Amino acid sequence: GQNIDQPTEMTATEGAIVQINCTYQTSGFNGLFWYQQHAGEAPTFLSYNVLDGLEEKGRFSSFLSRSKGYSYLLLKELQMKDSASYLCAVLTTDSWGKFQFGAGTQVVVTP
Amino acid sequence: ETGVTQTPRHLVMGMTNKKSLKCEQHLGHNAMYWYKQSAKKPLELMFVYSLEERVENNSVPSRFSPECPNSSHLFLHLHTLQPEDSALYLCASSQEGPGEENEKLFFGSGTQLSVL
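Protein chains in written order, with this note's numbering: chain A, 124 to 234; chain B, 3 to 118.
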């Protein structure tokens, strides 16, 4: 079966760093996406990794290790507006349901 | 603003009602999707339309009926729903074609559905 695991919730203080881990077992692999979803809003695209290594975009970085079936999203210099759910999604080779999602990690940023 | 608009934002309906959810994308994409999002569960794909053709999936109950009149519009018709159908229903679109990063999904803000 297909499985994507990520922690349910993480709490960190403003200005700190938080790392959200995602492990996956899927049928085929064509890339891994991270999405951010604020309460009551649309999930929005954050990052895409298809090769091993680190992709950096400002305060957010995403890492991928295909051999380990592992990714993380790193959020630096946390701001209150970063409080949101972060979804890990794998683009598989399935003809149906190409995207497999994790259940999301709720990040709570405290003052 | 993601370029995908859903209405209504909130919907409360009884089990005997019939209602429809609407989605419109302004991105020129060629694929549209309905997802169900329940608390603390992964997004669950319900329906896919690619190039306006429905990709078959037999796992969704017949009380949910999709309609895609053109590449920009998608509907989800609801009838005789159950309380366990209460969830956030998200519409998404993407551009299918070369380049996996280009296949990323663009989501609407969803319709929060409560079935009483």
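Careful: at least some of the hints might be erroneous.
What the hints assert, rightly or not - The calculated DSSO-like cross-link candidates involving lysine-lysine, where the alpha carbons are at most 30 angstroms apart (straight line), are:
no., chain 1, residue 1, chain 2, residue 2
1, A, 204, B, 38
2, A, 204, B, 21
3, A, 199, B, 20
4, B, 43, A, 204
5, B, 21, A, 191
6, B, 43, B, 106
7, B, 106, A, 191
8, B, 38, B, 21
9, A, 180, B, 21
10, A, 204, B, 20
11, B, 21, A, 199
12, A, 180, B, 106
None of these hints come from the bench; they were simulated from the model.
Since the model is a prediction, treat every value here as computed from it, not as a measurement.
- Query: For the pair supplied as a hint, residue 204 (chain A) and residue 21 (chain B), is the alpha-carbon distance within the 30 angstroms limit?
  - Reply: Outside the cut-off at roughly 35 angstroms; violated.
- Message: For a C-alpha distance cap of 30 angstroms, please report whether residue 43 (chain B) and residue 204 (chain A) respect it.
- Response: Holds. Residue 43 (chain B) to residue 204 (chain A) sits at ~23 angstroms (cutoff 30 angstroms).
- Task: Measure nothing beyond the straight line between the CA atoms of residue 21 (chain B) and residue 191 (chain A); if it is 30 angstroms or shorter, mark the hint as holding.
- Result: Violated, at roughly 45 angstroms.
- Are residue 180 (chain A) and residue 21 (chain B) close enough, with their CA atoms no more than 30 angstroms apart? violated (42 angstroms)
- For the pair we were handed, residue 199 (chain A) and residue 20 (chain B), check the Cα-Cα distance against 30 angstroms. violated (47 angstroms)
- Compare the distance between the alpha carbons of residue 38 (chain B) and residue 21 (chain B) with 30 angstroms, and conclude whether the hinted pair is satisfied. holds (16 angstroms)
- Task: Would you check the hint for residue 180 (chain A) and residue 106 (chain B), treating anything up to 30 angstroms between C-alpha atoms as holding?
- Result: holds (17 angstroms)
- Query: When you check the alpha-carbon spacing of residue 43 (chain B) and residue 106 (chain B), does it fall within 30 angstroms?
  - Reply: With a Cα-Cα distance of about 20 angstroms, the restraint between residue 43 (chain B) and residue 106 (chain B) holds, given a limit of 30 angstroms.
- Message: Would the hint linking residue 204 (chain A) and residue 20 (chain B) be met if the CA-CA limit is 30 angstroms?
- Response: The given pair, whose Cα atoms are some 38 angstroms apart, is violated under the 30 angstroms limit.
- Taken at face value, is the distance from the CA of residue 38 (chain B) to the CA of residue 204 (chain A) at most 30 angstroms? Roughly 25 angstroms between the alpha carbons, so the hint for residue 204 (chain A) and residue 38 (chain B) holds.
- Message: Can you confirm whether the C-alpha distance between residue 21 (chain B) and residue 199 (chain A) stays at or below 30 angstroms?
- Response: Distance of about 44 angstroms is beyond 30 angstroms: violated.
- Message: Need the status of pair residue 106 (chain B), residue 191 (chain A): alpha-carbon distance at most 30 angstroms?
- Response: This hinted pair holds, its Cα atoms lying about 23 angstroms apart.
When each numbered hint is compared with the structure, violations occur for hints 2, 3, 5, 9, 10 and 11.
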